[in-house]
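Protein chains in written order, with my numbering: chain A, 1 to 588; chain B, 1001 to 1208; chain C, 2001 to 2266.
Just so you know, these hints were derived from the structure itself, not from any lab. Each residue gets a CB set at the ideal place from its N, CA and C atoms; glycine is no exception. Hints should not be assumed to be uniformly reliable.
[Said to hold, decoys possible] Only pairs whose alpha carbons sit at most 27 Å apart, straight line, appear in this in silico DSSO-like list of lysine-lysine: (1) C/LYS2004 with A/LYS455; (2) A/LYS21 with B/LYS1026; (3) C/LYS2083 with A/LYS318; (4) B/LYS1026 with B/LYS1096; (5) C/LYS2076 with A/LYS318; (6) A/LYS458 with C/LYS2004; (7) B/LYS1025 with A/LYS21.
[Unchecked claim] Some but not every residue of chain A turned toward chain B, in silico, with C-beta under 8 Å: (8) GLY93; (9) PHE125; (10) ILE201; (11) VAL202; (12) MET212; (13) SER215; (14) PRO240; (15) LEU244; (16) VAL246.
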Amino acid sequence: MGATLARAAVHHAPPQGFIRKYVFSVDHKVIGIQYTTLSLVAAFVGMALSWAMRIHLAWPDARIPLLSLLSPNGMPGGVMTPEYYLSLMTMHGTIMAFFVLTAAPMAGYGNFMLPIQVGAADMAFPRLNMASFWVTFVGFVLACATFIIPDGPPLSGWTAYPPLSAVGPAAGPGQGWGQNLWGLSIALFCVASLLGALNFIVTTLELRTKGMTLSRLPISTWAWFINAGVSLLAFAVLLPTCLLLVLDRLGGTSFFIPGGLVFNDQLQPHAGGSPLLFQHLFWFFGHPEVYIIILPAFGIVSHILPTFIRKPLVGGWKVITFAMAAVGTLSFVVWGHHMFVSGMSPYMAMVFSVPTLFITIPSVIAVLIWVFSLYRSNLRFDTPLLFSLGFLSLFITGGIGGFFLAQPSTDSYLHATTFVVGHFHFTMGLSAIFATFAGFYYWYPKMFGRMLSEKLGKVHFWLSFVGVYCVFMTMHLTGFAGAVRRYSAFVDDFMVPLIPTNRFISVAALLLGAAQFIFLFNAIWSRFKGPKAADNPWGATTLEWDTTSPPPFDNFGGRQMTVCHGPMEYDGEAAVMQTSPESSVAGT
Amino acid sequence: MDQSSVAATTHHDVVMEPSPYAIEKKKLGMWVFIVSDACTFGAFLFAYGYMRVGAPVWGTPFEFSSILNGVVMTAVLLSSSLTMLASVRAAQAGAKASAMKWLGVTMLLGGIFAALHLREWFKLIGEGWRLFHNPTGGAAQFGATFFSVTGLHLSHVVSGVIALAFIARGYQRDRYDASHVETVGLYWHFVDLVWMFVFPLMYLMNAR
Amino acid sequence: MSGKIFAVLVALITLVTAYCVIAHVWWMPVDISVHGPKIDSQLEETVLVAGTLFIAGQLVLAAFVFLYGTSRTKTKQIPGGAKPLVLFAFILVGAEILALSFIGSKAWGAVYFSAPDPGSLPIDVQAGQFAYYFRYAGPDGKFGNLHPELINEGTQNYFGLDPEHDPDARDDIVTAELAIPVNKPILLTLHSKDVGHSFYVRELRVQQDFVPGLNLPIHFTATQTGRFEIVCTQLCGLGHYNMKAYLSVLSQADFDEWLKKQAAMQ
Ligand code: HEA
Ligand code: HEA
Ligand code: CUA
Ligand SMILES: [Cu+2]
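Chain A extracted, bound-state conformation (with noise of 0.2 Å):
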C-alpha cells in the first residue's frame, strides 16, 4: 500500500499558559486526562450513593448525618425517605452508566491513547474534542445541581419511564426540575459522545502513520473504532428521546402520555401519547448502550492480556476483532428483550429472544479466546493482568445471567428482580469496571510519568475481587427468590425473610467501597511520590510505549514513525515493537 505524504494533525503550537495548557486544552491527552478524572469523581459519587442505598437498606432508620446536610426534606432526622432512596437510586445508576462507564473507557483512554496507537500527533479535530468534553463537563454538572434544587433529583430510575418521568410534579417528588435538569444532562451527554465519536471514527481511517494498515491496528484501537461506530448510532438516538420528553414536560406536547390519567382525582390534560413508544426509543439506544460500555472494556482487556502472557491473542487480531464487531452489531436488534413483559406482542417478544441469545455466540467466542490465550504462556501478576484475570471472571459470571434472562419464559419470573440488578452489576457494573482499572494501572505510567505502587494495588484487587462476588453473586440468589428491585425498604411477607441477607450483602458493600479509597490513595500518592516511569515499563510493543512517560505535546517528537509489525508479537520474554524493523525489547 503506498504511503502518501500528507499534513500531520500539529495544526497548533504547544500552547502558552496555564488555561490553554491545562483548561481549555486542544490536546488530547490533556483530554483524556480530563475525562478519566471526571469519570474518577463520578465514579466516586456514585459510590458515595450506594452506600448510602446499601446503608438505607440494611438498616432502614439509620442516620446518615451527612446527607441529611445535602438534603434536609429528602432526609428529615437524618432518616431517609423511601422517595429519596429512589432519588438517590436514579442518580447512582445514570451517573455510574453514563458519567463513568461511557466516560474513562472509551473518551478518556481512548482520547489519550488512540491517536498515539495509530501514530498520530493529535486527534482529527482537536477544537471539537474539547468541545466534547467541557459539554460532557456541563452535563455532569446539570447532574450533580439536581442534589441541591429544592425539589430533588428526579425518582424515576436511570430507565426514566413515563408517564412517571414524563407527567411532572404530580407524580411525585423529584419529579419536577429535578428530572428536567436530568433530560437536558443527558441530552448534552448526548452531544457531546456524538462529537467524541465522530472524531474517534476520522481519527482511526484518516491519521495512521506509515504501515501503520488496519491489519496492524492495536486491538484497543479496533475496540474504540467499532465502538464509535455504535454510540454514532445508539447516541443519536437518545438525543431526540430526551428532547422529546423534555418536551412533553415543558411544550405541554403528549408523545409519551396517553389520555385519561389521574393523578390525586385530578384528570391530567394529555392525551393520546405511547409509553411503549418511549420504552422502543430508550431500549433501542439502552441496549447498544451497555455494549458501548463493554467494547471498551473488550479492546483494553485484549490490548493488556498479550502484554501480560507473553504472547499474542490465538487467531490473532481478526478473531477477536470480529467477535467485537458481531457484539456490536447484533446489539442493534436485541432491544426488546427489556420489554418481554411490557405489553409487547408476545410474538415480538420471541423475535426479539432469538437474536439475544445468538448475541451470546460472539461473545462466547471473545471469552475462549481470551481464556485459552492462558494456555502455555508466560503470565506475569502485575495489577493490570490481574484486573484482566478478574475482568474474565466477572464477565463470564455476568454473561451467564444473560442466558436466564434471554428468554421470555424465564425473565417473566426473573425480570425486575435483583437478579437483574447482579447480572447488570457484573457485566456493566463490574466487569467494566475492572477492564477500567485494568487500563488505569497499565497506562498510569505512560500518562503521569510514574509508577503505582504495586503493593496498593494488589490489595485493591483482591478485595474487590472478593468484595464483588459478595454483593452481585449474592443478588442473583435473591434473585431466584423473586426478591424485586427498586424496594427502598422490605416490607413484604416475602422479603421480610431476605433482610438478613441483604445486610450481608450490605456489609460486603461498604468493605468493597472501602477498598476503592486503597485505589484512591494510590493514584493520587503516585503521581506525585511514586518512582519516576520508563518509557516502556511493561516491556509492551504498541507505539504509545516507543515514546517518553508522558510523551511529548506532539507523540513522539516529530520522528517519523513507520509501523513494520502487527501489535501483538510476543514471545516469552521477547517482544518486538511495532516501529522496529529489527531490535526487540526484552521484557522487563
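Model the placement of chains B and C with the ligands on the given structure of chain A, informed by the hints.
Just chains B and C with the ligands now, with coordinates in the frame of chain A:
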C-alpha cells in the same frame, strides 16, 4: 513515493497511510456527522409514524394553499442545491468570484425557504394550532409532530445558512479553500435530502 | 503465587455458587399455577445448560492461571489455533441456544400464545399510586364503562363508574383484594390510572406490566387454595416498595360466599 525525501522532512510533514476512502478528513467527518444526524431525524419520523398510526382520528389540516406553499419551498430548496453545486464546481475550478456569487445565491434561497416556512408556521399558529392543541379536533399529536419535525429541519436550514456565511467569509479571505466549500456543500445537500422526506410525510400526507 | 491464589479463589467461588443454586438455598416459592411447571422446568433447563458453561468457563480459567503462572521463555499457542474455539462456540452454544429458544418458546407460548378459556372468570384490575383495585362484573355479567374524570378516592369511586346513567355499572363489585376460585380459568384485564405498574405473583409465575393507555389481558388457573402476595414490580413512585395486594385462592363455595359479602358491602 521515495522514503529518503521523507526522512528529511520537518516534523510537520509526516508520512501517513492513505485514507481508505481517499477523501480528506473534513469530508469524512461531514459524512459521519450526516449518518448520525440522519438517525436523529429517523427517530423523530419514527415517533411521528407511531403517533399517527396510534391516533383514532388524525386531522389533515392542509388545504391547497399550504400545499402550494410547500411546493414552492421545495422548489426553492432544490434549486439552492443546484446553486450550491455550481458554487462548488466554480470553487474547484478556481473561479473564486463566481463561487462566491453562487454561495450568495444559495444563502439567499435558504433565507427565502426559512421565511416561507415561518410564514406557514405563523399561519398555523394563527389558526390556533399548538404543540398540544388541534383546532380541528383531531389528534393533538399533529401539532406536536409537525412543529418538532419541521422545527428540527428549519433549525438545520438556518444553521446551514450561517455555516455558509462563515465559510464564504473565510473563503473570501483565503483562509478556506474549495474543499471547505465542498464540505459545507455536503451538509447543504443533506438538509435538502431530509426535506425530500419531511415534505411528503408532513405536508402531502396531511393534505385535506 | 498470586496465580495460585487467584485460581483457588475462582474455583472456590464457583463451587459455592454452584452449591447455592443446585441446593436451592434461595429459590422460587411453591408453584400454584397450571402453566407454572413449564416455566420452572425451563428455568431448571437453563440452570443446567448455562450452569455447565459457567462452571466450565470459570474452572478452565482457574486451571490455566494455576498452571501457567510459572515463568517460561518459550510460549506456545493451543494446537489448532482459533478455529476449534470458534467452532465450539458456534456448534455447542448454538445448539444450546436453539434448544433453549425452542423449548422456551413452548413454555412462553403455553402462557401467552394460548387464547383464554371462553369459560374463564373475567376480572378487571386497576393499578394506581399505590394500590390495586379489582372489579367483578356482578350478576349481569357486564362491566360498566369507565369515566376517569369521575375517579374520586373520597367517594370511593376508584374506577370512575357512573351508576346513575350506566346500568351495567350498578352491580359491579369493587374490591381491594383479589379472590378467585381454585382450578377455574381466570382472565384479568390490567389497566393503570396513572403511571406504569406491574402485577407480580411469584407463586403464580405471572408478571405483567400495567401500561397506561392499554388494557392488557392475562390469564391463568390456580391449582391450590391459599393467600398470596401481589406486588408491584414496575417503578411507580415513592410508594412503589409498599404497593401490594393479596390474592386469595378459594374453593368455589367459599368464593361465591365471599363475592356475596363483597356485593353486600358496595
Ligand atoms: C455491559 C453491560 C451489559 C452486558 C455486556 C450485558 C450482556 C448481556 N445481557 Fe444484559 N443488561 C445490562 C447490561 C449488560 N448486559 C443492563 C444494564 C441491564 C438492565 C437495565 C435495567 O433494567 O436497568 C441488562 C438487562 C438484561 C436483560 C433484561 C432483563 C430484564 O429487565 O428483565 C436481558 C434479557 O435478555 C439481558 C441479556 C443479556 C445477554 C444475553 C447478554 C450477553 O451479551 C452476555 C454474553 C456473555 C456470555 C454468554 C458469557 C460468555 C462466556 C461463557 C459462556 C463461558 C464459556 C467459556 C468457556 C466454556 C471456557 N440483559
Ligand atoms: C457502572 C455501573 C455501576 C456500578 C459500578 C455500580 C456499583 C455499585 N452499585 Fe449499582 N447500579 C447501576 C450501575 C452501577 N452500579 C445501575 C445502572 C443501577 C440501576 C438503577 C435503576 O434501577 O434505575 C444500579 C442499581 C443499584 C442497586 C439497586 C437499587 C435497587 O434496585 O433498589 C444497588 C443496590 O445495592 C446498587 C449497588 C451498587 C454497589 C454496592 C456498587 C459497588 O460496586 C460500588 C463500589 C464501586 C466500585 C467497585 C467501582 C469504583 C469505580 C471506580 C473507582 C472507577 C475508577 C475510575 C477510573 C479508573 C477512571 N446499584
Ligand atoms: Cu406500582 Cu410500583
Ligand atoms: Cu439489553
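Broken hints, numbered, in rising order? 8, 13 and 16
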